[in-house]
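Here are the chains, one letter per residue:
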Amino acid sequence: MKEEIIISGFGGQGVLSMGKILAYAGIMEGKEVSWMPAYGPEQRGGTANVTVILSDKPIASPILNRYDTAIVLNQPSLEKFEPLVKPGGCLIYDSYSILTKPTRTDINAYCIDAMVEAARMQNAKVFNMLILGGLLKVRPIASVDDVVKGLYKALPERHHKLIPMNEAAIRRGMELITPSC
Amino acid sequence: MLLKGNEAIAHSAIRNGCDGFFGYPITPQSEVLETLAVLKPWETTGMVVLQSESELASINMVYAGGATGKCVMTSSSSPGVALMQEGISYMAACEIPGLIVSVQRGGPGLGTIQPSQSDYRQAVYGGGNGDYRVIVLAPNSVQEMADSVGEAFRLMFKWRMPVMILSDGAIGQMMEKVVLPPFKPRRTDEEVRQQCPWAINGLGLLSRKPNFVSSLELDAAVMEKRNRAMQEKYRAIEAEEVLYEEYMLDDAEYAIVAYGSSSRISMGAIDQLREKGVKVGMLRPKTLWPFPEQRIGELGRQCHALLTVEINEGQMVRDVRYAVAGQCPVEFFGHSGGVMPSPEEVVDKMESIINNR
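Which chain is which? The protein sequence lines are A and B, in order.
Read in our numbering, the first sequence has 1640 at position 153, and its numbers run on one by one without any break.
Read in our numbering, the second sequence has 374 at position 355, and its numbers run on one by one without any break.
Quick caveat, the hints were computed from the structure, so don't treat them as lab data.
Errors might be hidden in some of the hints.
Claimed, not checked - Straight-line C-alpha distance at most 16 Å; calculated EDC-like pairs for lysine to aspartate or glutamate:
{"#": "1", "chain 1": "A", "residue 1": "1573", "chain 2": "B", "residue 2": "363"}
{"#": "2", "chain 1": "B", "residue 1": "298", "chain 2": "B", "residue 2": "367"}
{"#": "3", "chain 1": "A", "residue 1": "1544", "chain 2": "B", "residue 2": "290"}
{"#": "4", "chain 1": "B", "residue 1": "196", "chain 2": "A", "residue 2": "1519"}
{"#": "5", "chain 1": "A", "residue 1": "1489", "chain 2": "B", "residue 2": "290"}
{"#": "6", "chain 1": "A", "residue 1": "1489", "chain 2": "A", "residue 2": "1519"}
Remember, predicted model here, so these are calculated numbers, not experimental data.
Chain A with its partners taken away, still in its complex shape:
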């Protein structure tokens, strides 16, 4: 098993931390992992992306230009990464955050109304966990249990009280995701 994932969006959406939690979940599953961010003048409102690889075997290149799964959380990310999904791969987008839908027919596209749901829950911070839940539903690369264990590793102890809320958001995301329409 090898899953090569790009997560891309605006700085502040929790792109990098979602990747980190996923990487920790991979470790919990006994997998090799790599987390390679696009770094630099990224900031709130700028662009941010991270390449996460989970694999049964040692990971060769942590830098890729084709992906099994792309999670795109804004329009520029959709335009950049839709063409780079491998045929048969998976594209996940937040419905509210994009203007034009993906057009490729040789990939599986899914949408999730996470931005709106986070607003409804009056908790913008769970946005990325809703998305992560959606990912885990359509690409079960790690169990929710291992993701929760990953959260305990990824978050500093003072934030551990927030983990049940994050777990609830992951499970809500699993319900929300639907094929792109």
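Chain A is fixed; fit chain B onto it per the hints.
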């Protein structure tokens, strides 16, 4: 544990009994200093962590700390390492141990903050003046970043010279699983006295004459003698300390030579080429100086062609050509300025080499 390469350097320095870190922040290596500031080793091991006013100050603090026999280091990125070259030359001249971690970004000048390997020549051939060498280690994973610190400390005291860990923004910024080395205490004054009888630290003055450390020597004949002695040391290092790793070379008809993050990209390319039935492998230098010249020479006999993959405009390729000595063609592929090559591009380049043979 999941750590960035830069964070692994900081953890590993503390665990390997480092006495002092002197550094100045610069992307993409700032996490080394940041992590040390978070870990506060001065409260546990007594290690000094100091943010200096500039890279010039950092390297001169390393020069001075090393001269007292202490285990000291700095880290920086390309423009900062350029500023340090004078100090590195002085350290080499005075045979002073010290570790410089270089997390390369794209140049020349201030360049970009994205990953690069364009300081290969600066590291391997020395950006400072004079006939000197620096041992250059080239880790290609977060685990090797952690491991290379202890290895660098060992080498710099064994050979009494500056050692460089030549990394890049990709290895520095990415997170991977890592097992950190066990804690090793800092050396006591008594251990320093025994292990570094050349050091200028006032230890042992009752039993020896005062030591004197200077790179200046106005008598040309004496200076030449010093240089010749250093060259002898360098020949011994070339004989003893070459490190490399082989990947699928046994039946290889073509081979890639790459180090650091470009070796990871090349491994991805080799996996794709092997699936297509192309017999290709890789030699990865783990020390860039001393360079695995002999093994690359053998590959020149074994293979139809060699390819270097670098994140620059072609630097190591000249050393590979020198080692191959015309036995087979040696081609180059790379990007620069912070653009990263992709495994697919390396596949295309290797296929074009094969098709044009």
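For each hint, the structure was consulted:
Pair hint residue 1573 (chain A) plus residue 363 (chain B) holds up; C-alpha atoms about 13 Å apart against a cutoff of 16 Å. At most 16 Å may separate the alpha-carbon atoms for a hinted pair to count; residue 298 (chain B) and residue 367 (chain B) meet this at roughly 15 Å. Restraint check: the Cα-Cα separation between residue 1544 (chain A) and residue 290 (chain B) comes to about 12 Å, which is no more than 16 Å; the hinted pair holds. Pair hint residue 196 (chain B) plus residue 1519 (chain A) holds up; C-alpha atoms about 7 Å apart against a cutoff of 16 Å.
Pair hint residue 1489 (chain A) plus residue 290 (chain B) holds up; C-alpha atoms about 13 Å apart against a cutoff of 16 Å. Between residue 1489 (chain A) and residue 1519 (chain A) the CA atoms are separated by roughly 9 Å; this keeps the pair inside 16 Å, and the hint holds.
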